[in-house]
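Enquirer: Those protein sequences? They're chains D and A, same order as listed.
Start counting the first sequence at 1; every next residue gets the next number (the numbering used here).
Start counting the second sequence at 210; every next residue gets the next number (the numbering used here).
Hint data in this document are derived by calculation from the structure and do not stem from the laboratory.
Even for Gly, the Cβ is constructed at its ideal location relative to N, Cα and C.
Any given hint could be a false lead.
Stated by the list, open to error - Here are the in silico distance ranges between beta carbons for each label pair:
1. R58/D to E347/A: 51 to 59 Å
2. E407/A to K66/D: 43 to 51 Å
3. P350/A to P106/D: 30 to 38 Å
Okay, here's what each chain looks like letter by letter:
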Amino acid sequence: MIAIIDYNAGNLTSVAHAITHLGFKCKVTNDIRFISEAEKIIFPGVGAAGSAMESLKRLGLDQALKKAFSDGKPVFGICLGTQIIMQYSQENDTECIGIIDGSVKPFQKNMTSENGSKLKIPHMGWNKIYPEKDHPLLLGLKNDDEFYFVHSFYPAPEHKEHVVAKTDYGIRFPSIIGFDNIFATQFHPEKSGKPGLVILNNFCRSKPC
Amino acid sequence: MLSKRIIPCLDVREGKTTKGIKFKNNVDIGDPVEMARFYYEEGADEIVFYDITASHEKRDIMLDVVKRVAETIFIPFSVGGGIRSVDDMRSVLLAGAEKISVNSAAVKNPEIISQGANAFGSQCVVLGMDVKHVGQKENIPSGYEIVINGGRRYMGIDALEWAIRAEEAGAGEICLNSIDADGMQEGYELKLTALISENVNIPVIASGGAGLPEHLADVLTKGKADAALIASMVHYGNYSINEIKSYLDLNGIRVRKT
């Protein structure tokens, strides 16, 4: 069973639909006991870091996530979920959970593309990823595959060997992070069509370490 | 760099899709869930649903459609039409839509934009704008005026000023529909689209007038649009989304390949 962590940060039904579509069992939950018994954890999220972190602390889910990570359970962060498992976010000056060393930074305003047109913020829409290393999440993807992003901040891990893939938007920023039992994407795999489902399937098939 | 998004738009009345020509003589063309699946498989980047159900009592039918669409396709989709309150927004988002769009409700009560953005985040809130060219006037300096009720009611609001206000209030995206071009299949209103897109910092989806792939190429380059809404040209089978994307790709416009 896969636990999809519910902390009042956005609509989680789409993540659950995608996992169910792939043939895996999942439950959207904030029950700490259920989370401690689940085989794998998905940590999604839409919204702002400050209020998300408050909800997590109030529900005791920050500790539950840390424990899942230290127990070696596969943990998958999505979008805000990825940012929240970093150490610190510049969004609302937020101390985060700290499973991944590094911080979360905003895109600079007034960025332009290579042809000089202005880049709007948030970075919203479909974009490519450029792998930095081999990783089980990337199995079965094609070079041209694109993923759906909606964000104004991006994760900047301290250790570059934690970065699986990057994406270009004014700068080249980390869009997939992976090491040990941590899997994390800045984009929404549950909204990224077939390549997104490939990534989720790769996670669902991963083994605890 | 982002790919330009190609977005089929489905008008839904009492749970069935229609496509109006200039908002009149709607004809029934099918099941919205099946059409959404079809366009998802074909490579649509997003799907827009407009609920044009007149009677308030029958609006729950749309929530059921939204739920079934959310189980079927794994790309973003938005729902507009008849959303008048934060509670309306919540029920559509909980049913599984990524975004909700507000149009005339926001014209009548602009606070709904900031209320929605505060409750669910700007990325959920799309401002739909129906716009008519009226020529420059004292209260309409851009020459483009906001209209509602399918273009029948002029609101005395300048389209450019409204777009900027909506962005400040927290709209995450603008879906810009030219009433003059809508249903004509003679091309998007390029001047209007460029005017709005260049003066806001949120993405602009161009709507109204698509009949040929070159119309999309024009609005995504000269019109500076971030995305293009299409309806009749794909609903009636004149073009597939793949054909449109291949044309755009050949013309140097980056689109997502599936």
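Enquirer: Work down the list of hints and note, for each, if the structure agrees.
Expert: Right, here's what the structure says about each hint:
1. Range check, R58/D to E347/A: about 53 Å between beta-carbon atoms, so the 51 to 59 Å window is met.
2. Between E407/A and K66/D the CB atoms are about 47 Å apart, so this pair conforms to the stated range of 43 to 51 Å.
3. A hinted range of 30 to 38 Å holds for the C-beta pair P350/A and P106/D, which are about 33 Å apart.
In summary, the structure agrees with every hint in the numbered list given earlier.
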